[in-house]
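Colleague: Sequence:
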Amino acid sequence: METLEWTCNAIPADPDIGGPGVIVGFVAVAWYATLLATVEPICITMNQVWLSLQPERLNTSDWPLVSKIRGVATRQLLLRPRLGDFLRRDRTRGIIFVRILLDSLGDVQLITGTAILIAAWSRIKTMSFYHLQLSYCYYWLTVNSFSSCRAGGRRVATETIPWPIRVRTIISFCTVMLGIVLCSYINIWVNAAWDPLYEGRCFLSHDQSKANTEWLWIVGLISYAVYLLYFLCTMGQRNRNRVEAVRLRMSTKTDQWRKMYYAHCTSILIGKYGQHHSIFRCSLELCFYLPDILLKLLLDFVDIIAGTRDSLLALLGNMGFAAWFTYNIVDYKISNKELLEGSESTWGFGQIVPPLRLAARGKTRLAKWYAPFSDEEKIKVKGEVHRLVAPRDQKYQSNFVEFRSHKIVYRRYAGLFFCVCVDTNDNELAYLEAIHFFVEVLDAFFGNVSELDLVFNFYKVYAILDEVFLAGEIEETSKQAVLTRLEHLDKLE
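Heads up, the sequence shown is in UniProt numbering, so the first residue is 1 and it goes up one at a time.
These aren't lab readings, by the way, just hints derived from the structure by calculation. There could be a bad hint or two in this list.
Restricting the straight-line Cα-Cα distance to at most 25 Å, the calculated cross-link-like pairs of lysine-lysine (DSS-like) are [unchecked claim]:
hint, residue 1, residue 2
1, K491, K479
2, K378, K337
3, K460, K378
4, K460, K368
5, K395, K333
6, K380, K368
7, K333, K368
8, K395, K368
9, K407, K395
10, K479, K125
11, K407, K382
12, K460, K382
13, K491, K125
14, K382, K368
15, K363, K380
16, K363, K378
17, K479, K368
18, K395, K337
19, K407, K363
20, K125, K460
21, K363, K460
Here are the simulated distance ranges between beta carbons [as the list claims (entries may be wrong)]:
hint, residue 1, residue 2, range
22, K368, N425, 20 to 28 Å
23, L36, V401, 46 to 54 Å
24, L483, E384, 44 to 52 Å
25, N457, A192, 35 to 43 Å
26, A323, S398, 39 to 47 Å
27, Y185, V389, 18 to 26 Å
28, L452, E338, 21 to 29 Å
29, F403, A323, 43 to 51 Å
None of the values given here were measured: they were computed from a predicted structure. Note that CB positions come from ideal geometry on N, CA and C, so glycine has one too.
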């Protein structure tokens, strides 16, 4: 699981999860949000540098080298009036525009992350471990970019928090809690059901980290959930006043205790070792101020969790986080390329795919009836067949299942189920092979067939079906003969 020493079985291809369009969509939007979040602190830093280099702010008592560097930098900046005008006048408008854009982008990432979780939950038992890991990385990219946008975590100066922030915070808290449960379940499920000899139950990776290191990311997600819960609990003015009162009281007591403790320890130790040991005294004071240093690092860590835009450590952490999971996605894609059974080269619609897949769950793309049924009966049969076939485990259950007085023969390709209903005395293996033959014809005709080909070219799919099956019986078993007839039909159009 951690190195390329595993000998894995084939992995069913699913371009709706591992396709290049999906990968580029998730990675591009995540990096765009992460880099866009750096605009505001960069503008603030440039403004501070500009102000410090003004002639009236220069200190003549500085070292000569520093004064010379400042003078050269000042002359260079003064030669560029557009930069100065931007830092003086247009900076505020640019920051406001970036904030509005980040809020909208954060909402998109929040919706996308929620859709990923729900789609993964709905197919967690049937999805291959390789595609589960890709979904896992997609979710973390959306969470990281949402944190970079700081949507839902911004401290507002008004007495009443606007309702969009309230709604965004509630949704993000629910999404994070669902993500904690899903990520934990994925880690447990992958470790428990790992089987290199079974289709889709293993994957290759160059990740050299120790086992169970994924739990560290989940701990960070729990920290983010605690922060959001704190934000939710302090939304009301009364609760905020109570929290501020408790914080002020505890801060006062802590400062008093710390000063008394420092003074007492310093008087004892310095009195014992003498007043002339300046090195020892400096080291001693450094040890006494070590809790303050650790507290400052802890506050910086809280800035990372909260997604504060003006924290340099938070920005570096978000960029490193995005780089790590981008590397994981690329590594999974390259390492498992030879194991894929089928093609994932079809370009999809990026981040639109998870909501579409969720909406299309249980949707019948093709239906051919060779017995009379009313419209109500057809809808009922479709629902019963879907509920019967979709939850079945491919590892422990066959491709044949009894249905009323008949049998269902089905085969799963990526996210689609191809099912036929036959009599109890028919040959199941023959119809299973016929399903595979039908899919091969579709793939040869469309070229790396996908679900979208079935949707937008349904009339051609029905024509192919009529060439393979006639009156419910297998008519043609030669792929070249079927493709030749379809070519003649295309010429007639």
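Colleague: For every hint, state whether the structure bears it out.
Modeller: Status of each hint after checking the structure:
no.	hint	result
1	K491 <-> K479	holds, 19 Å
2	K378 <-> K337	violated, 40 Å
3	K460 <-> K378	holds, 22 Å
4	K460 <-> K368	holds, 14 Å
5	K395 <-> K333	holds, 24 Å
6	K380 <-> K368	holds, 15 Å
7	K333 <-> K368	violated, 37 Å
8	K395 <-> K368	violated, 29 Å
9	K407 <-> K395	holds, 20 Å
10	K479 <-> K125	violated, 33 Å
11	K407 <-> K382	holds, 14 Å
12	K460 <-> K382	holds, 22 Å
13	K491 <-> K125	violated, 44 Å
14	K382 <-> K368	holds, 11 Å
15	K363 <-> K380	holds, 13 Å
16	K363 <-> K378	holds, 13 Å
17	K479 <-> K368	holds, 21 Å
18	K395 <-> K337	holds, 22 Å
19	K407 <-> K363	holds, 21 Å
20	K125 <-> K460	violated, 32 Å
21	K363 <-> K460	holds, 19 Å
22	K368 <-> N425: 20 to 28 Å	holds, 21 Å
23	L36 <-> V401: 46 to 54 Å	holds, 50 Å
24	L483 <-> E384: 44 to 52 Å	violated, 35 Å
25	N457 <-> A192: 35 to 43 Å	holds, 41 Å
26	A323 <-> S398: 39 to 47 Å	holds, 44 Å
27	Y185 <-> V389: 18 to 26 Å	holds, 23 Å
28	L452 <-> E338: 21 to 29 Å	holds, 26 Å
29	F403 <-> A323: 43 to 51 Å	holds, 50 Å
When held up to the earlier numbered hints, the structure conflicts with 2, 7, 8, 10, 13, 20 and 24 and fits the remainder.
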